[in-house]
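Each chain, written out:
Protein chains: 2
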Amino acid sequence: MGNVYIGGVSLTKVGEHWDKSLENLLSESAVKCLDASSVSHVDQIIVSNLFGEVFQEQANLGSIAAEELGLSGVPAYRVEAGGVSSLYALAAAYQAVVSGQANSVLVVGVEKMSDASAEEINSLSVAEERCDYLGKIGVTVSAEASLLYKEYMRRYRVSQEEIALFPIMDHEHGSTSSHAQFPFKIKLENILDSPYVAEPIRRLETTAPADGAAAVLICDGDVKLSSPRCLISGLGFATDYPVPTDREDPIELRALKIAVEKALKMAKVTRSDVRMLELYDCFSILAPLSLEASGFAPAGMACKYAAKEAYTLSGQTPVNTFGGLKARGHPIGATGVYQLAEAYLQITEQAGKNQVYGVKTAMVQSLAGLGAGAGAVVLEAE
Amino acid sequence: MGNVYIGGVSLTKVGEHWDKSLENLLSESAVKCLDASSVSHVDQIIVSNLFGEVFQEQANLGSIAAEELGLSGVPAYRVEAGGVSSLYALAAAYQAVVSGQANSVLVVGVEKMSDASAEEINSLSVAEERCDYLGKIGVTVSAEASLLYKEYMRRYRVSQEEIALFPIMDHEHGSTSSHAQFPFKIKLENILDSPYVAEPIRRLETTAPADGAAAVLICDGDVKLSSPRCLISGLGFATDYPVPTDREDPIELRALKIAVEKALKMAKVTRSDVRMLELYDCFSILAPLSLEASGFAPAGMACKYAAKEAYTLSGQTPVNTFGGLKARGHPIGATGVYQLAEAYLQITEQAGKNQVYGVKTAMVQSLAGLGAGAGAVVLEAE
Numbered sequence: 003m004g005n006v007y008i009g010g011v012s013l014t015k016v017g018e019h020w021d022k023s024l025e026n027l028l029s030e031s032a033v034k035c036l037d038a039s040s041v042s043h044v045d046q047i048i049v050s051n052l053f054g055e056v057f058q059e060q061a062n063l064g065s066i067a068a069e070e071l072g073l074s075g076v077p078a079y080r081v082e083a084g085g086v087s088s089l090y091a092l093a094a095a096y097q098a099v100v101s102g103q104a105n106s107v108l109v110v111g112v113e114k115m116s117d118a119s120a121e122e123i124n125s126l127s128v129a130e131e132r133c134d135y136l137g138k139i140g141v142t143v144s145a146e147a148s149l150l151y152k153e154y155m156r157r158y159r160v161s162q163e164e165i166a167l168f169p170i171m172d173h174e175h176g177s178t179s180s181h182a183q184f185p186f187k188i189k190l191e192n193i194l195d196s197p198y199v200a201e202p203i204r205r206l207e208t209t210a211p212a213d214g215a216a217a218v219l220i221c222d223g224d225v226k227l228s229s230p231r232c233l234i235s236g237l238g239f240a241t242d243y244p245v246p247t248d249r250e251d252p253i254e255l256r257a258l259k260i261a262v263e264k265a266l267k268m269a270k271v272t273r274s275d276v277r278m279l280e281l282y283d284c285f286s287i288l289a290p291l292s293l294e295a296s297g298f299a300p301a302g303m304a305c306k307y308a309a310k311e312a313y314t315l316s317g318q319t320p321v322n323t324f325g326g327l328k329a330r331g332h333p334i335g336a337t338g339v340y341q342l343a344e345a346y347l348q349i350t351e352q353a354g355k356n357q358v359y360g361v362k363t364a365m366v367q368s369l370a371g372l373g374a375g376a377g378a379v380v381l382e383a384e
Numbered sequence: 003m004g005n006v007y008i009g010g011v012s013l014t015k016v017g018e019h020w021d022k023s024l025e026n027l028l029s030e031s032a033v034k035c036l037d038a039s040s041v042s043h044v045d046q047i048i049v050s051n052l053f054g055e056v057f058q059e060q061a062n063l064g065s066i067a068a069e070e071l072g073l074s075g076v077p078a079y080r081v082e083a084g085g086v087s088s089l090y091a092l093a094a095a096y097q098a099v100v101s102g103q104a105n106s107v108l109v110v111g112v113e114k115m116s117d118a119s120a121e122e123i124n125s126l127s128v129a130e131e132r133c134d135y136l137g138k139i140g141v142t143v144s145a146e147a148s149l150l151y152k153e154y155m156r157r158y159r160v161s162q163e164e165i166a167l168f169p170i171m172d173h174e175h176g177s178t179s180s181h182a183q184f185p186f187k188i189k190l191e192n193i194l195d196s197p198y199v200a201e202p203i204r205r206l207e208t209t210a211p212a213d214g215a216a217a218v219l220i221c222d223g224d225v226k227l228s229s230p231r232c233l234i235s236g237l238g239f240a241t242d243y244p245v246p247t248d249r250e251d252p253i254e255l256r257a258l259k260i261a262v263e264k265a266l267k268m269a270k271v272t273r274s275d276v277r278m279l280e281l282y283d284c285f286s287i288l289a290p291l292s293l294e295a296s297g298f299a300p301a302g303m304a305c306k307y308a309a310k311e312a313y314t315l316s317g318q319t320p321v322n323t324f325g326g327l328k329a330r331g332h333p334i335g336a337t338g339v340y341q342l343a344e345a346y347l348q349i350t351e352q353a354g355k356n357q358v359y360g361v362k363t364a365m366v367q368s369l370a371g372l373g374a375g376a377g378a379v380v381l382e383a384e
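Protein chains in written order, with this note's numbering: chain F, 3 to 384; chain W, 3 to 384.
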């Protein structure tokens, strides 16, 4: 089997794009990505999107992407797995290339949440878990996350002030990113002064509705590019019981644990090789839970490590180098593509003010819901 | 590259399953499929579904399928491309197996339309095309299909009575199928007496809302099965401008034409080898348009061939051998899996009263919208 690469990326500034439709965001990002690599044709397009059917009443985004790119004819479809949609889209692109059925595949992630009301977003929050027995009784994902938060604090005697180190770090990193939704720093008191979303989770510990689109070009070694490339060396995926309280240990992200093991094994690298890590921290509590499930901190120790700056840009394992879900922003179906594009920028030394020194190996992690599914991808310098 | 097979299938009777949820339909079908092959584990699950997010507010069906099968942990995601969702799901499964990343993949298609009102279904009918400039002005797919119908009648001097031969044949074939939604025969006068959906399209020339689920097990040659298997030998996909009136010739299904050529080329077979054909006839007019676009009849001649019984079970190229979308029923995101399962039953000689003699090679075709996308799959006896 030949090598498979990310050969170019594009990133739209995350925000509320009142002047653009879902289709606009999708097509602009797709065009920019191909332009970045001076590639004019791809063999396939895979779109990652979660809520377009509900918020915009638009399905079949693959055909729309093909039309907008002037590539009508090219096979195109959408992948959806909640918050892991983007990484599954990448895996499908990888398999299309490795199987010899395509030389190049464009993966575009897009989401436009500003078209929806807060009520709609809240009501759909358990769509990634089980609508049949959670949604109907009005449980939201924020409410569930607050239970995990409390149990984590209780079990490991960790304070909210310690967990809040992660959103503070996210904003520190996001403050110098040109594509971040919230490119400013925040302090602990800002978090503690912000209103509850679901006690003890404060508003500055979670994400806001976001519009965004990002794209990555996946290709084999024969595709001519004007841009640098990085190697896709490891892929791992797993599911878990969609509802956390159905699990043996609700605060263990078992799907992520399995996905990370698989990805490391496939890439034949160890955790100490991983020089930057993108976490899926749509709630602050998911940062320590993810680090611990994936073996980048012992159980209950992630916040202690964070206090020692282990995860800053100059730390041992820099985390969320462009601000993570909190500061870069979280356009759900596109988030994983942003994460992949950010890892690519680091490996190819195009990260500007956010550059981490000497990133040869990076890992991207995504979650559906609160661990209903997980994906991990290892990217490496050539 | 090794061979990839369909190793077992399951088919739920299409209908209005008031007593079952989307999740019930999905899991029952998945379990039955694995049971049919005596397989207890798969490496991956791919779900094909179109409207679950809207009608049931349920996304991330992959994780739900894994949980319900007792296979929590197994990677799982959803594929969506309008009416071609199922065939793209099959292609993704094929690539996962061919690339060596999986030995076995379960593809489950599911749709539950009885939860939605007629208004919702009508409003979402252009979700597979372009909501941004069709949906907002109230154009429905039925209205567009009526334009194609009229243009076809005008250009080739074909009458409605001739086009109606296809739904009559669908019901003839569906009348002996145990999983068909409408297992009865209809006559020309029934069609012409039924009300208009969009003139000249009569109600008995299109489909009704449907609930259904079907599954196919995709595997390599090493997986031990208790069921017979058939070979997946050709896959072809293409997109087109989503809205028919944007195309150079609105009544030419160009995406299907390309997809069929690709699938035949990959399978190294000719049209005369194809001994049964599953069409995507959600409107009667799509039957002749599909046959002509894919080269199974010269332009304007499909109805003449139908009159000579070329497409009946004992004809030259039997079409829609279990009733097609009209009589078997059309649970959109699951329809392609039904088509694949039906072709499998024919090839493995399990088609009962609907058995076509000596099917060594079969083709399945699906469309998104009115040709916004298309897929074609060639299946062969071992």
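FYI, nobody ran anything at the bench for these hints, they're computed from the structure. Warning: the hint list may mix true and false statements.
It does not matter which identical chain is used: a pair holds within one copy or between any two.
[As the list claims (entries may be wrong)] The calculated lysine-lysine pairs, modelled on DSS-like cross-linking and capped at a C-alpha distance of 30 Å, are:
(1) Lys-310 x Lys-226
(2) Lys-189 x Lys-267
(3) Lys-310 x Lys-187
(4) Lys-267 x Lys-187
(5) Lys-270 x Lys-15
(6) Lys-138 x Lys-15
(7) Lys-310 x Lys-270
(8) Lys-264 x Lys-355
(9) Lys-355 x Lys-152
(10) Lys-138 x Lys-226
Query raised in the report: Checked against the structure, which of the hints given earlier come out wrong?
Result: Numbers 1, 2, 4, 5, 8, 9 and 10 - these are the hints that the structure violates, sorted from lowest upward.
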